[in-house]
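For this one, chain A is given, so just place chain B on it according to the hints.
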Amino acid sequence: MTEEHVLRFEPSAYIQHLLGKELISNQWIAVAELVKNAYDAGARLVTITLHRGHPQRLHIKDDGQGMSLSEFKRIWMTPGYSEKPSARSADRPLLGEKGIGRFASDKLAADLTVITKQSRERAALQVIFHWGYFDDRSKSLSEIEIPYAHVNSDEFGQYESGTLLELTNLRTQWDLPAWKRLKRELQSLVSPFRTVRGFKIVAVADGWPSGEVVSLFQAYPGYKYAFSVTRGGRIARTLSRPPATAAVLHRQVEEKERSYYGTPPFGPISGSFYYLDKPTAAKKAGFEPGVAIYRDGFRVEPYGRESDDWLSVRSWKASRHGHAPISPPRLFGFIDISRNNNPDLRDLTNREGLIDNPSFQAFQQFVKEEFQRFAAIVEDEKARDETESPAYTAQRATEARTVKHATFSEIASQLAHQLRQPLQVIRSDADSIEALVANPVTIRDPRLADSIRSIKAAVRDINDHITLMQRMSASVAGQIITFDLATWLSERAEAARLQDPTHQISIRTEGCAEERNVVFSREVLAFVIDNFIGNALAACNASSDPPREIVIALSDGTEMDHLILVNDNGPGVPDNIRPRLFSHSVPSSTGGTGFGLKYSYDLISENGGAIGFHPRSPMGATFFVQFNDQEA
Amino acid sequence: MAGKVLIIDDDAAVLDSLLRTLHIAGIHCEGEAEPKRALERFRADPADVIVVDYVYDLHPDFTGVDLISEIRKLKPITRAILISGRIDHEGLPQEELQAELQGRIQCDAYFSKPVATDDLVEAIRSALSHVSNQATDWKSIASEYVKGSAVGPDDTRRMNETIKNNLIIPPTEEGPDA
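Residue numbers (the numbering used here), protein chains in the order written: chain A, 1 to 632; chain B, 633 to 810.
Isolated chain A (complex conformation) (with noise of 0.2 Å):
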């Protein structure tokens, strides 16, 4: 009679390093592990702070499930196990699949504490992790004792639920270009080609560029070329010219549909190459040249990374002794697959690739000869575009004429709404006037008084508005010219001073004693600081506490030639308001249109600069502009 004997793995602790710090390559891949890692327990918001004192701490907070103790031990404590919380949404699909993400965070700092809460409990969970307990081989992974305790947390509300990371013996310093970096691959981490709905990444770091990460890849001019696989094999493409609007000029490539020779092995796919006449724009936008792959509506690396020819566009523009019609500076696309789609293109463990399977090699395979279709097509386009040169020219000119109009009808259109506002106050108050005057009991009602100033009020609201549309016309009118940024900062400056005639504003510039020739459209940026300055009075007006004082600091730019900076040391902005501040229209609580800051990251984006917020310790905000001199 045999007898069964049988082994069992006993990993050492060191294991726990090999999983994070040594195969995560870098701390932006880190924190990007941690966010999806956030994704996939349903968090809508994730926050990364990077406290700035020293020594530095980073924090990496989510509004997710949270986790109980007993699913902490389940998920976080059982490394290759990758069960998350129920995702909120049905229909989000999860990113994690090694199981493995947690351990990222050894890579950016030697302690962990990690605070997690669910709703339904009132104490939060702290776990602390000291990685340097995992030094030793000696050990096994399930000797190293984990510390944790119930708390309460300042950190979470009473019926709130997520997550807290708090990583402290930051394995590096972190620098502004760091700091830079790390917004940047959080930029390209989520598609910038497409809405990934409900859920947001925002970077604060006190004095250096904070706000939501988000960024949408605009219609540049160029060429777009669109296509798709179905799971049946069906494969669509189309070619557009944007800006144009698809009825502008639209161009079926071949037939709408044809034939895949089978159904594609790595399941369905869509993509789209962008072929830009001038890459500038795109490029200051943050974007990088590449044709990136997206699962899920985010990255996966290094695919599109300027070390990585996944596509060999380089390899083929270099087999064509340089005459190939794509230029790999100017091509910016992407691929989307997804989990549930594509099982069979799966991560390596690293996180760095996918596996090279046969799925794999197929789908680069079906890429690639979409690629060298477009390739061909641009070479086709562009000889046509030579030949038929003067309507072509033509085209555009009506299609830029068009895309202003959309802009001017859209301004036109959030104007007439913000009017409307004030004209109900007054056609309102009068009313109340009129039925207060008929009756002599009331003819003294102290009501009226209130709607007497109500009604000024609203007049002054509109004449804001006209004043707003005047500037809006200069800006759009306006000619680039070289003038002395300097004075015509201090003229900005004096021009504010006359709005606050009670002189209890500080208003003073910084870095404008010498000149600074510029060349840029003044009104543009008349419009831009006149509007910066205008909310910063608004802003001390409504702080009631003194000394209040606005700061116009002239300086180089970080990343542009130049840059403007307005302060102020009023209330602050809102933190619900933060992350649309330049995208939607804002009310303002204390007066305003509501839309200037909007039409002005427009402007300045149409110009090539760049345009920003942050907030100020203890209270206030500092807006700031940067650009480049442009030709005269």
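Just so you know, the hints here were simulated from the structure itself, not pulled from any lab data.
Misleading hints may appear alongside valid ones.
Stated by the list, open to error - Just so you have them, the derived chain A footprint on chain B, three or more residues with Cβ under 8 Å:
1) 638-649
2) 660-669
3) 697-709
Said to hold, decoys possible - Listed next, the stretches of chain A that the computed footprint assigns to chain B, with coverage defined by at least 3 CB atoms under 8 Å from CB atoms of chain B:
4) 8-17
5) 424-432
6) 460-474
All C-beta atoms, glycine included, are put in the ideal place defined by N, C-alpha and C.
Chain B only, in chain A's frame:
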């Protein structure tokens, strides 16, 4: 005329002005600027008629039509009046709003801003009279029940519907940006 009226408009000046004007016109009403707070307020103290602005700048994905829909989940019989400044160049509600008005929601009245006080007052009074008639209907049938009089199946059905429509249903999901 009895009945609760709640005005929801996120423009504070407009809200103040509407409340003042309606009070002078003899309509007792309350106001709320935040749609989410309006929902909470309604849950705690339901109104009979709501006057709702269509666009909320801080909630770009949540319109007055959404708010009416959420409120009617709490109390289906709630009368609703929609007001909006979203008007196209021909003076009609903008395309998106037109589709909403023809689609999923039934309003007692719709007005473009600026709305005349007389028109708004008339619409509110008309909506309140419907509420009042319905309540009277319910009470008289219930009274027949109590007295033990014969009540026909139509009366029973009508009363059941009235009770159901007036029921305050506990919330099942959060409001905008909760």
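To see whether the hints hold, each was checked on the structure:
1. For the segment 638-649 of chain B, the stated coverage by chain A is satisfied: 7 residues place a CB nearer than 8 Å to a CB of that chain, which reaches the threshold of 3.
2. With a threshold of 8 Å between beta carbons, the proposed coverage of the segment 660-669 of chain B by chain A is violated, since 0 of its residues qualify and at least three are required.
3. With 0 residues having a beta carbon nearer than 8 Å to a beta carbon of chain A, the segment 697-709 of chain B misses the requirement of three or more and the stated coverage is violated.
4. Counting residues of the segment 8-17 of chain A whose beta-carbon sits less than 8 Å from any beta-carbon of chain B gives 0, not enough to reach three: the coverage restraint is violated.
5. Using a Cβ-Cβ cut-off of 8 Å, 8 residues of the segment 424-432 of chain A lie near chain B, which meets the minimum of three, so the contact claim holds.
6. Counting residues of the segment 460-474 of chain A whose CB lies closer than 8 Å to any CB of chain B gives 1, which falls below the minimum of 3, so the coverage claim is violated.
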